[in-house]
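J.: Residues per chain are reported as follows:
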Amino acid sequence: MEQEVGWEPKLLGFLCRWCSYAGADLAGISRKKYPANIKIIKVPCSGRVDPLFIIKALRLGFDGVLVSGCYPGDCHYQTGNYCARRRMAITKKFLEYMGIESQRIQASWVSASEGGKLAEVVTEVTKELREIGPNQLFADGK
Amino acid sequence: MENKKIEQKLRQEAKTLLQQRRVDYIIGYEMGSLKFTTTPLITKSENDTDRLVVNPFIVNNLSVYLTEVKGKVGIVVKGCDSRSIVSLIQDNKIAREALVIMGIPCPGLIDLKKVELLLGKDRDELDNITRDGDKVVIMVDGKESNFPATEVLFDNCLVCEFPTPQEYDVLLGEPTFPVGDITAGQAKIRQLKEMAPQQRWEFWKNEFSRCIRCYACRNVCPACFCQKCFVEESEPQWVLPTPKWQDNLLFQAIRNIHVAGRCTDCGECERVCPMNISLRSLTREMYEIVGELFQYKAGMDKNALPLLTAYESTEVEDFIR
Amino acid sequence: MINNKKINKRDIGNLLNEWSQEFTVFVPLRESGVAMLSKWDGKDTGFMDWHRNTVQPIKANFFPPMEEMFSFQKGKEGYHIELPSSDEHKQLIFGIRPCDARALIILDMTFKDLYEDPYYLPKRNNMVLIGLGCTNPYDSCFCTSLGINPGESADVDLMLTDMGDQFLIEEITEVGKELIAKASRVEEATEADEAEAREVKEASYNKVTRKIDTEGIKEKLLSCFEDQDFWEKVSTKCISCGICTFLCPTCYCFDINDELVRRQGTRFRSWDSCAFPVYTKMPMENPRLEKWRRVRQKVCHKFEFYPMNFDIIACVGCGRCIRQCLVNWDITQTLNSLPTRV
Amino acid sequence: MRITDINQRERFLANGNVYLPHIVKIEKVVDETYDTRTFHFNFKDEKLKKEFTFQSGQFALCSIFGAGEAPFAISSSPTRRGHLECTVRQVGKLTNALHRLGIGAEIGFRGPYGNGFPMGFLQGKNLAFVAGGIGLSPLRSLIWNVIDNRDNYEKIDIIYGARSPADLCFKYDLDTWSKDKGINMVTTVDKGDESWTGRVGFVPQVLEQVAPSPSNAVAIVCGPPIMIRFTFPVLEKLGFPPEQMITTLEKRMKCGIGKCGRCNIGNIYVCRDGPVFTYAQIKSLVSSEY
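Chains as they are written, first to last, in the numbering used here: chain A, -4 to 137; chain B, -19 to 301; chain C, 675 to 1016; chain D, 58 to 347.
Since the hints were made in silico from the structure, they are not lab data.
Idealized CB from N, CA, C, for every residue including glycine.
Mixed in with the good hints, there may be bad ones.
As the list claims (entries may be wrong) - A few chain B residues that don't get close to chain D, going by computed Cβ distances all over 12 angstroms:
no., residue
1, Asn27
2, Arg180
3, Ser214
4, Glu215
Unchecked claim - A few chain C residues that face chain B, going by a derived Cβ cut-off under 8 angstroms, partial list only:
no., residue
5, Val708
6, Pro739
7, Asp787
8, Thr910
9, Cys915
10, Gly916
11, Phe920
12, Asp929
13, Phe942
14, Leu1000
15, Val1001
What the hints assert, rightly or not - Okay, derived cross-link-like pairs now, DSBU-like style, lysine-lysine, Cα gap no bigger than 30 angstroms in a straight line:
no., chain 1, residue 1, chain 2, residue 2
16, D, Lys182, D, Lys212
17, C, Lys907, B, Lys73
18, C, Lys683, B, Lys93
19, D, Lys212, C, Lys955
20, C, Lys851, B, Lys277
21, C, Lys965, B, Lys50
22, C, Lys748, A, Lys34
23, B, Lys(-11), C, Lys911
24, C, Lys965, B, Lys24
25, C, Lys750, C, Lys683
26, A, Lys51, C, Lys955
27, A, Lys27, A, Lys5
28, B, Lys185, A, Lys34
29, C, Lys911, B, Lys94
30, C, Lys750, D, Lys182
31, A, Lys122, B, Lys173
32, B, Lys(-15), B, Lys123
33, B, Lys94, C, Lys881
34, A, Lys122, B, Lys185
35, B, Lys73, B, Lys115
36, A, Lys51, A, Lys112
37, C, Lys894, C, Lys786
38, C, Lys786, B, Lys15
39, A, Lys88, B, Lys123
40, A, Lys37, D, Lys150
Excised from the complex, chain A in its bound form (with noise of 0.2 angstroms):
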């Protein structure tokens, strides 16, 4: 595979804005280093986020793409990440059947408090998708 000079893994991450979200934030303002590869995307709950967004995210070329949410049992809305975790198993194990390097999709649970931990996730998963390369699951050759 063709690796352009200097190619540094893009991530999406998609993060519940009472516990990931607030997470990052913490990590900001402790000044908790983390890699820039990562977009966030703050969202209401790890439970909004439809697995369409997740193969949406690589076919936008995103190297990867994380959903973070609340640990099991502190979800904001009693059930949400419940839900996101049966839907991240499943998405996560089919599109790995499909073909997608199973380091593109991933997951974690970090609380408003874990800012350390955030930072820790996502320089793991940079670490990850440098290894794999490049997305060019989408790339149009022939």
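Go by the hints and put chains B, C and D onto chain A.
T.: This is chains B, C and D only, laid out in the frame that chain A set:
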């Protein structure tokens, strides 16, 4: 011969239902206009019930009409179709009370594409096809040849676990048991799974570059009941209406995820695809994933919550950081 | 009088190779289990002994499922529009059936109408058609009801008749004549060959048993146009997919859409179908929201509107819509059951 | 009814390719209502700027590159050269994208398409314009056209209605027309608000009250389909023969030239054979899906 008896019983039953006004419509099968073809019969008329048939070619999953036909319906179902109905009930798409389900134990249907491949002849060039237990007898040019049923049944019939309807008001005929040749039915998927991810992706890319976006797979699917499909959404436009392979693939991937836990592996999507895309290799795998992760089988319990709205407090999450 | 030619089937491979020098040669192939016209690989001549028509009709060669109309890009000077490069080779299509050849004549009418279509017509004008008479029509074929002889066609450049080991060649156009003049291993057909070909054609004509009555069909449809009960009844089992229209050799409806990928845009045209509710959807209303209206549109477009506008029925009886329909919706049954006004 | 001659329009084809848009530049944006704007634009090409002509009632396909293409009636009058105007309500992907554009933005334009209003037939007649909502935009082109050639026409009635005062388009024109002594301008709304002092009532009802005389008159109707369908019977009641009722229809369109298939009513294509029809023509159509 068994079919003939079932057919007689079915015609009588359907006629009575209409006569006694217990249903407004009967949905069943009648002989089609081509050889070895049946076609859905949707009727209000008692007289039409004499046209109802039961044979190894009753391929359509008639439950797809239930969200469309108004009033009380008497419907003919096979094992897989009955599960589609249960699934529709689970999703509150139809009411059980509005249905009279006439179940037909189904020993598997004959896949004419397989027959054609096997004999190198098209269906209209064959004289006769009959099912005789675990054999299928085909007459061509006046000559009879025997094939093991497992060679000519649909792949999804070969892996069918519940050939007898799960939900019915009347069962016409004796319960049957899986004809099963799981290995043959799963061959394609196994091959795919042995490939490297990139190879698999190439395979699907190749399949979906044939897709012409006729939406037959979606429209024939009883689990695809959305009023407005996400592909028709224009703001935002998730998928380009142009049949580029990327968008075709995205459409089908999401369609499969949307019907996870509803898909009963009835195989209709693959059967109807005019471009011969191996769609069941997706739906079946999803069926397996759902079973493996959540011990869930679509359309088995009409009182259960739909798969993706239910949860257990502890569940698979080894993939979550 | 007789000046037809013939060629031995085993020489066809060579002939196609010769033609490949000048043309992009297409033959009916069953790649991935779907019969369609594909670029000839120079080897496989199985299509000669496979006596059936393709699933995907020939229109795809001139009016593909999707096609780039132009690309656009925003620069300093504003938008710049560019047409796709038109380095297309002249096409030679081998083995086209009489019904499909006629379908092209019907498509031409729309694409030439009023404004010439700049995508279809150049491809259409840059091709050679080698027809091949049917010897084994499907049970869904009803071409003879539409004035088409499955064994003959005047809508091609050369017409071939399968006589077992050899093909009889009729030179229909000057282009066809020139092709044959340059071709090697072509012989003069004998009286006996002619007689045999006539027999083959007649036999194939008689094999088409499905019929519709086209006599006064335009008027019949006109009189039952507002018969909602009838149209509702015939449309009940339709599931509104696009198979019958996409695979119809005379259906031409299309959609136009833009794709924008990082400032680089492309406008595509792609097949569309009157069976889809979105096809006619407007923001506030949809004139053909109900299924029966869409089914009526499909039938009437072919058998009523097209004859009104172009004096020809837009159906060639190829039977694809019957054969491929997933619920066996049969247009011949609908046409043969039109209510007659009392 | 089918048009066979397009000679005069062929010279406006870009590169001889009927699907290629010309690039036009937005020169001005006018807010008509909360969801409707009029875009003033002009060709980038100097030659076209000078030569481009059209007829009132014709439409064009406007491209917002990346969002697609849709048909819009040209709402300016061919008598007022210098720029073109299209009035657009925000209803979907494309119109949303258009509304996001401002002065200087470039869009695609191809046309003019369709038949336009029968100017010769209208000459020397009393004209009754009946419009609803954004349906005024094609009529506006004609109204200005008529005003600029005022001597060629007799009495002019304009009956224009919208759902609410906030939905009235071209308020600046309505003002001018209502001050014009040669025009009987009637504005109405389905539902007024606290500041509305004008008429309240649906267009067909107001039309019945205004009751323009049918003698030597032509009624020109445009509005939402439902309004058009209710207006015809009123006009008939007033004594207008179907030949003297004219409307312009709207359908989903992609090509604009009678090929893509979707805008048909029976064998007639609204883009190719319309969009202007007499009621007599509409009644003679095979289908009532107008």
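J.: CA of Lys748/C to CA of Lys34/A, is that 30 angstroms or under?
T.: This hinted pair holds, its Cα atoms lying about 25 angstroms apart.
J.: Between the alpha carbons of Lys51/A and Lys112/A, is the straight-line distance 30 angstroms or under?
T.: holds (27 angstroms)
J.: Hint validation: Phe942/C versus chain B, beta carbon distance must be below 8 angstroms. Holds or violated?
T.: holds (4 angstroms)
J.: Is the Cα-Cα distance between Lys750/C and Lys683/C 30 angstroms or less?
T.: Since the Cα atoms of Lys750/C and Lys683/C sit roughly 60 angstroms apart, the hinted pair is violated (cutoff 30 angstroms).
J.: Can the hint on Val708/C be confirmed by a CB-to-CB distance to chain B that is less than 8 angstroms?
T.: Interface hint status for Val708/C: holds (5 angstroms vs cutoff 8 angstroms).
J.: Take a quick look at Ser214/B and tell me if its Cβ sits farther than 12 angstroms from every Cβ on chain D, holds or violated.
T.: violated (4 angstroms)
J.: With a cut-off of 8 angstroms on the beta carbons, see whether Leu1000/C makes it to chain B.
T.: holds (4 angstroms)
J.: Are the Cα atoms of Lys894/C and Lys786/C separated by 30 angstroms or less?
T.: Holds, at about 28 angstroms.
J.: For Lys182/D and Lys212/D, compute the direct alpha-carbon distance and say whether it is at most 30 angstroms.
T.: holds (7 angstroms)
J.: Under 8 angstroms is the threshold here; is the Cβ of Asp787/C close enough to any Cβ of chain B for the hint to stand?
T.: The hint is violated - Asp787/C has no Cβ within 8 angstroms of chain B, the shortest such distance being about 24 angstroms.
J.: Is the straight-line distance between the alpha-carbon of Lys37/A and that of Lys150/D 30 angstroms or less?
T.: Satisfied, since the Cα-Cα distance of roughly 24 angstroms is no more than 30 angstroms.
J.: Taken at face value, is the distance from the CA of Lys881/C to the CA of Lys94/B at most 30 angstroms?
T.: This hinted pair holds, its Cα atoms lying about 25 angstroms apart.
The earlier numbered hints that this structure contradicts are 3, 4, 7, 19, 20, 25, 30, 35, 38 and 39.
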